[in-house]
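Colleague: Each chain, letter by letter, is given below.
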Amino acid sequence: MKSLSQKYLLSVADLSQKDIDLILKTASKMEDIAFHPVKKNAALRGKTVLLCFFESSTRTRASFEIAGKRLSADTINISSSGSSLSKGESLLDTVKNLEAMKPDAIVVRHSVSGMPHLLSKHIDCPIINAGDGTHEHPTQALLDLMTILKTGKKIKGLNVAIIGDILHSRVARSNILLLSKMGAKVHVAGPASLMPPFLDQYGVEVHHNIDTIIPKADVIMMLRIQKERQEESFFPSLREYSRFFGLNEKTMKHAKKDVVIMHPGPVNRGVEIAPEIADGVHSVILDQVTNGVAVRMALLYLLCGTEVSLRA
Amino acid sequence: MKSLSQKYLLSVADLSQKDIDLILKTASKMEDIAFHPVKKNAALRGKTVLLCFFESSTRTRASFEIAGKRLSADTINISSSGSSLSKGESLLDTVKNLEAMKPDAIVVRHSVSGMPHLLSKHIDCPIINAGDGTHEHPTQALLDLMTILKTGKKIKGLNVAIIGDILHSRVARSNILLLSKMGAKVHVAGPASLMPPFLDQYGVEVHHNIDTIIPKADVIMMLRIQKERQEESFFPSLREYSRFFGLNEKTMKHAKKDVVIMHPGPVNRGVEIAPEIADGVHSVILDQVTNGVAVRMALLYLLCGTEVSLRA
Amino acid sequence: MKSLSQKYLLSVADLSQKDIDLILKTASKMEDIAFHPVKKNAALRGKTVLLCFFESSTRTRASFEIAGKRLSADTINISSSGSSLSKGESLLDTVKNLEAMKPDAIVVRHSVSGMPHLLSKHIDCPIINAGDGTHEHPTQALLDLMTILKTGKKIKGLNVAIIGDILHSRVARSNILLLSKMGAKVHVAGPASLMPPFLDQYGVEVHHNIDTIIPKADVIMMLRIQKERQEESFFPSLREYSRFFGLNEKTMKHAKKDVVIMHPGPVNRGVEIAPEIADGVHSVILDQVTNGVAVRMALLYLLCGTEVSLRA
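Chains as they are written, first to last, in this note's numbering: chain L, 1 to 312; chain S, 1001 to 1312; chain X, 2001 to 2312.
These are computed hints drawn from the structure, not numbers from a lab.
Glycine is no exception: its CB is placed at the ideal position from the N, C-alpha and C atoms.
Take the hints with a grain of salt, since some may be wrong.
Pairwise CB distance ranges (calculated) [to be verified]: (1) His2122(X) <-> Gln1006(S): 36 to 42 Å; (2) Gln226(L) <-> Asp2032(X): 46 to 52 Å; (3) His122(L) <-> Ser2016(X): 38 to 44 Å; (4) Lys1018(S) <-> Lys216(L): 55 to 61 Å; (5) Gly1157(S) <-> His36(L): 45 to 51 Å; (6) Ser2237(X) <-> Ser1237(S): 48 to 54 Å; (7) Lys227(L) <-> His2036(X): 46 to 52 Å; (8) Gly1280(S) <-> Asp124(L): 56 to 62 Å.
Based on the sequences and whatever the hints tell you, model everything.
Modeller: Following this line, the structure appears as structure tokens:
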């Protein structure tokens, strides 16, 4: 069995080209399982996967849980209801305790950027970062990459536009890192107040107007506006945001005929994307979700599967 | 393998006589599994069942989860903790996302009447309504029917009294529809303020006093008074409610010797039913719960089992 | 198959010497499973285990869930989110309802002392007490006993010091009962306001100063200070508590060279125990967690396994 160069999946920055190829190839095989009448494979039978979502999540948690179960792993949900989980220091103690129960993988989502990295310094068990603060969301970037490839496009030289709140988006950051590494040309657009300072080093082209980017883009990734957080502070109003940076029939007029529209979900219909575009022929939003299960199956398999478990 | 005429179970109104017979016959076989030393059947191995309880529930969720697991399905709990689930429109997006993970059945409870119907218009995966607002609770009516039949009574011509808050009760509505369809004579009693307008069309006889209904009834279904909601608005006080519409040793004096007492739970002891009646010889309240698991196993099996899965 | 003299595990007080030996011997076999590549045994296949944590818990619930799953049981989580669970009377109804779904074991944690005992008077299904109020936490005492034995120490004549809030600690109470029964000499230390009146009857020696107890102790169990509850009422300040009853390099100076340090978790680092001691060579805190899974596997197996299930 081939394996990753890493025992943790903390960041796409850590992945080698070979790792990425192996993950995508494995995910492609895993995807087939979802279309069998019996969607079950014994590869992770007897493995224990802890799903530690210290930040609430419906979709990503369900995606990992389904991924684990389809490979016959035992999945255990851990959330942050207990008061002992309110501070960073005791979170490490909690996870060290959980590790003492001999799990085979720990999936972690946390609102603090860098928390999975901190844990990995003290935890020997494989850790998968399921989103940490505004830092990274590597499984999202991997499933996005898989989704683009499945449309038949080549990544080398591909123009990918990421539009919205780049500053706070771990999805944007992981995609910028991964797509740049794979040879795509990444463009970003959004309000100037939502642009981070690190973009230069990855050769990302910054646009302050979506009209200059739409006509060039082979792929457009719209980001979710987190209404509860930004409305007041970073731009004047949702209506204005939508008018300048929303994707709708008018802004789509200048897009390429075979452009691919993506969104990590959950969608704010009518804010960052118009319903007819989200549900339209260019949209691969639901394919992203389907591919997400396959990518997570692949990662769980590569990080905690063993030759022995394959024969079990 | 025989199958239902419907791919969704949204309402008992949609079920044909043949469907009902098939469900009951299948449930009866499923019931046997609960009494085996190894309470496990491989019929749904490799099937994914999503339990989407957007309204909180202890018993019904546990009943469905046990039902799925005893048939070897993978069950995934989804609740409404995420803020994205607060509005109807985004609920549809959430469920469409979940569907993209390729589940085989989605069980939905929601506080909005008609929500499972709305979802079924956009979702191809089998949906089971586990209670929607004040509209329907079809699995409860089916388990109630199974429970009556198991006492040896014939439904045709049976006098069934449903007592309490008929207006807000999805249990009452589903039972009225199902029992009327099966040929029973349904009577209802309760405060005039808690009587809905639709009763005439099903030939339901309305009583404003339980003394005229108790002596005739072969089966008495007591409904739960939702103290938190109705106390102030629909009747003067719980004490008065209990005095006029509660079932106790005094009101039971005129009941038939072989009357059957039912309650969907949770019971407000001393309000709608006296403890000695709830725990007495006529009560089949706990049988209802046992039969509930069997009915839900039957429905999951009929809606997402396949010939292939039976051999798995 | 040998079995326990009890069908419930409510209190260590109920366990015979033979029961304790059987649990420890079985746990030792179960522990091996955690180190297999496929950590799975079919002993409880087709068994349904309800995990009713009516008081929130991360670790103990996860420990029981992993224990059940490694033996192939179906585990169902039940928590107290529903309003029907707020009162003692309706809790009994809830659990009677759950019992009607034919589970094979019910694990109960509840904030009210004696609740599992009350339930056992009305429930036929095996019940395991996972902590009730300030009363008992028998699985913790059993895993602590297993942990001490695995260090190579003999229990007969062993000096065990339990330090902290003895009054409110169900861990302390269960350990005092179990260790005394096994022939250990138990010493306790803590603020006078946190000493319960029942200590005399078990021959426990009370110290008001840890300096008199540390040099004698073969095993030191530190208890968690529940900061949220006691800070104001039972002692002047956390700082003062820590100074008089905390374990740190200074207080450890007079300890035996081979002393064993235990803590049931979660640890308040720097309050009852200094980080360098919690993580130091004498500490077996994480071994306690590992052994906890094994003890819970043993109990689930002994209470609901059958000859038939072993062959399954």
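Colleague: Does each hint fit the structure? Answer for all of them.
Modeller: Here's how the hints hold up against the structure:
no. : hint                                  : result
1   : His2122(X) <-> Gln1006(S): 36 to 42 Å : holds, 40 Å
2   : Gln226(L) <-> Asp2032(X): 46 to 52 Å  : holds, 48 Å
3   : His122(L) <-> Ser2016(X): 38 to 44 Å  : holds, 42 Å
4   : Lys1018(S) <-> Lys216(L): 55 to 61 Å  : holds, 59 Å
5   : Gly1157(S) <-> His36(L): 45 to 51 Å   : holds, 49 Å
6   : Ser2237(X) <-> Ser1237(S): 48 to 54 Å : holds, 50 Å
7   : Lys227(L) <-> His2036(X): 46 to 52 Å  : holds, 49 Å
8   : Gly1280(S) <-> Asp124(L): 56 to 62 Å  : holds, 59 Å
This entry satisfies every hint, going by the numbered hints stated previously.
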